[in-house]
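Construct the complete structure from the given sequences, taking the supplied hints into account.
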Amino acid sequence: MPIQKYRYRFFNPPITDFPQEVLEHIFCHLVEPEPSELTGAPSWIPVTQVCRRWRRIGYGCKALWTTIPLWSRPWTEVALAHSRPLPISLLWDPDDDRQLDTDTLSRALSELPRVRDLTLDLRDQESDTCTLQNLATHSLEASPTPCMETLTLLTTDEFLHLDRLPGTLRALNVKNAVMPLATLHACHALRVLEVESSELWLTLAEMVDALAHLPRLEVLHIGAHVVPHDVREFPAGGRRPRIPLNLRSLQLTGRPSELLRIVRSLAIPPTCSAILEFAVGRASHSEAIAAAAAVEDLFHVDAQGRPPFDWMSMNQSPTQPGVTHFCATSNALPGRSLLMGMSWPLGEDVSGFALTVFPVFRGLRRLTVIDTSFMTEANWIRLSRIMPGLDVLTVRGDHEVYALLSAFGTALHHRHRVFPYLQKLNMPGTAISQPRQGERAANLAVLLQGVRQSRGAVRLCLNFEDATYAL
Amino acid sequence: MPTIVSVDDSTVPGEGSSRLLLLVSSDNKHIVVEEDIMSRSRFISKQVEGFEATSQRHAILLPFSSFVLNKVIEYCSHYRGYYLLEDDPDAAPPGRSPVREWDQEFLDVDRNMLLRIIKAAHYLEIKSLVGSCARAIADMIRGKTTEEMREILGVENDFTPEEEHSPSSKCTG
Chain A
1 MPIQKYRYRF FNPPITDFPQ EVLEHIFCHL VEPEPSELTG APSWIPVTQV
51 CRRWRRIGYG CKALWTTIPL WSRPWTEVAL AHSRPLPISL LWDPDDDRQL
101 DTDTLSRALS ELPRVRDLTL DLRDQESDTC TLQNLATHSL EASPTPCMET
151 LTLLTTDEFL HLDRLPGTLR ALNVKNAVMP LATLHACHAL RVLEVESSEL
201 WLTLAEMVDA LAHLPRLEVL HIGAHVVPHD VREFPAGGRR PRIPLNLRSL
251 QLTGRPSELL RIVRSLAIPP TCSAILEFAV GRASHSEAIA AAAAVEDLFH
301 VDAQGRPPFD WMSMNQSPTQ PGVTHFCATS NALPGRSLLM GMSWPLGEDV
351 SGFALTVFPV FRGLRRLTVI DTSFMTEANW IRLSRIMPGL DVLTVRGDHE
401 VYALLSAFGT ALHHRHRVFP YLQKLNMPGT AISQPRQGER AANLAVLLQG
451 VRQSRGAVRL CLNFEDATYA L
Chain B
1 MPTIVSVDDS TVPGEGSSRL LLLVSSDNKH IVVEEDIMSR SRFISKQVEG
51 FEATSQRHAI LLPFSSFVLN KVIEYCSHYR GYYLLEDDPD AAPPGRSPVR
101 EWDQEFLDVD RNMLLRIIKA AHYLEIKSLV GSCARAIADM IRGKTTEEMR
151 EILGVENDFT PEEEHSPSSK CTG
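Taken in sequence, the protein lines are chains A and B.
Per the UniProt record's numbering, the very first residue in the first sequence carries number 1; after that it's consecutive.
Per the UniProt record's numbering, the very first residue in the second sequence carries number 1; after that it's consecutive.
Derived from the structure by calculation, the hints contain no laboratory data.
One thing to keep in mind: the hints can contain errors.
Claimed, not checked - On the chain B side, residues computed to face chain A include the following (Cβ under 10 Å): (1) 136; (2) 142; (3) 144.
Said to hold, decoys possible - Label-pair restraints from in silico Cβ distances: (4) A:245 <-> B:157: 56 to 62 Å; (5) B:139 <-> A:110: 33 to 39 Å; (6) A:188 <-> B:102: 38 to 44 Å; (7) A:20 <-> B:77: 27 to 33 Å; (8) B:86 <-> A:215: 48 to 54 Å; (9) B:113 <-> A:36: 25 to 31 Å; (10) B:157 <-> A:36: 18 to 24 Å; (11) A:194 <-> B:67: 37 to 43 Å; (12) B:46 <-> A:86: 28 to 34 Å; (13) B:139 <-> A:20: 18 to 24 Å; (14) A:101 <-> B:157: 31 to 37 Å; (15) A:142 <-> B:77: 53 to 59 Å; (16) A:74 <-> B:50: 50 to 56 Å.
Just so you know, even glycine gets a beta-carbon here, dropped at the ideal spot from N, CA and C.
Next up, the structure:
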């Protein structure tokens, strides 16, 4: 009976008669950003050496060959040949001290007409950085790029000039490059624009002018350590320029006074979230105080008399050790998520500094502390003085469960002294990244002991992703 | 081609808020399941559309065991009513996304079972489950040598010595 035959065939050793698309699916999950340590080849290459069928499927699976990390000239050559004529993604995004050679880059860029995504992170190249950058920019200027959709170019050379960009771009991410405005005007399809530079070359007027040419823009992130002084406000009473209606994320990093002027001058769509990051981490004391005053001036406008900020999170900068980021939602702008980020060192040597600036958060009711290793006992006490009305404290740590527990224990220890009005103490579970079962039990025991000793009406929620414990 | 047998209405009570389907596994187990639950399967959805066209009720014979079928139903029940991007035929194929924690535990089964689930998911056209299984299988062989892969998945080496050591097998230089 045919049905029975079919059934029996289904019970044969399952992998041997797997459909081709299922095997391709499995192979694609083996793609890694780095080559195999043993062979220097892509991590999925061994599947092409398992049997004839797997080799045929692996060689024929275009998805495996169209994303080409530029690890070596031979590999690049093979991948370019296998992927022809499909659009390709060229990728150089090393997370170790791997070096890109000009020969490989040159060969890869010779295929620019079929490059869909180009990612070149040239920041940590020990030698030839200038040559590599020049090669990239000259190729982009000289070759047609009819299908390029994404360009990511991260360099350390502040004099890198991009004078021509593909009109087909949908996402552009450049670091430390200079682009004339006319270059951006050509990118009508651009949806994501991320620019970071040691110097922002656009004035506000120019930026708005550029935005008018990018009607599809959804994400605009501009970061600069130095904002030019000719940033100016539009005349009072006049119609404020609108940024594209599709914009859903606006992030500006720079000196506080200029950024505040930009924000005041723009009519940000109500559906757009905005993040202002005031780069005062390396700034002078007086500039930080001026920034705090400017923030109060901007946000402390509330007819109901509510404090300027309701919620704040603080976490350590992942890239700048010792620098703390503050993000707060403003009560003055209901219905919209306007965030403010600040960076400055928080430690013993800047306590006076922090106390001077923190009063902007004096009415804070909810505080989230992320990655708590910097929350020393002194800092907990300092925060408690600044935020006497705090009633919800959320503690999160991404990886280090012991730091989290330490901070939590400190918070419990000081609860009566430090947070007299504390009603709830939440510790959500993203904090604990899958500790082993034994560790989890031991940690829980420590926590529960701490809670018992606290003798307070603390509501404690522990969410370990797969289970929630409530006391 | 799926195999369909006619059943009478008493076998499949079907006038509730969500109609019931009768699925018959290869070991002849009859499993009644709400149509809603199985709507994630494009194969089942197409069968149901076919029923509506002929206004006849059928059972659907499936070429895998009740043990496998029950696992698939468990998956579909868990995600009942949830939108999963991978199952949206109109959505662009998702890139690499983090594995869903529930899926990880659900697929913590032995090798043969995992392979049978992915095969059943492919047959039933449940893309999200195929994707999760594919990732789980990939994790099993990630970082392994060719010989270890053969051993783990029970694949026979059918290369001739020449083929095995051909230059193309060392294409990465």
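Which constraints among the numbered hints does this structure fail? Numbers only, ascending. Those not satisfied are hints 8 and 11.
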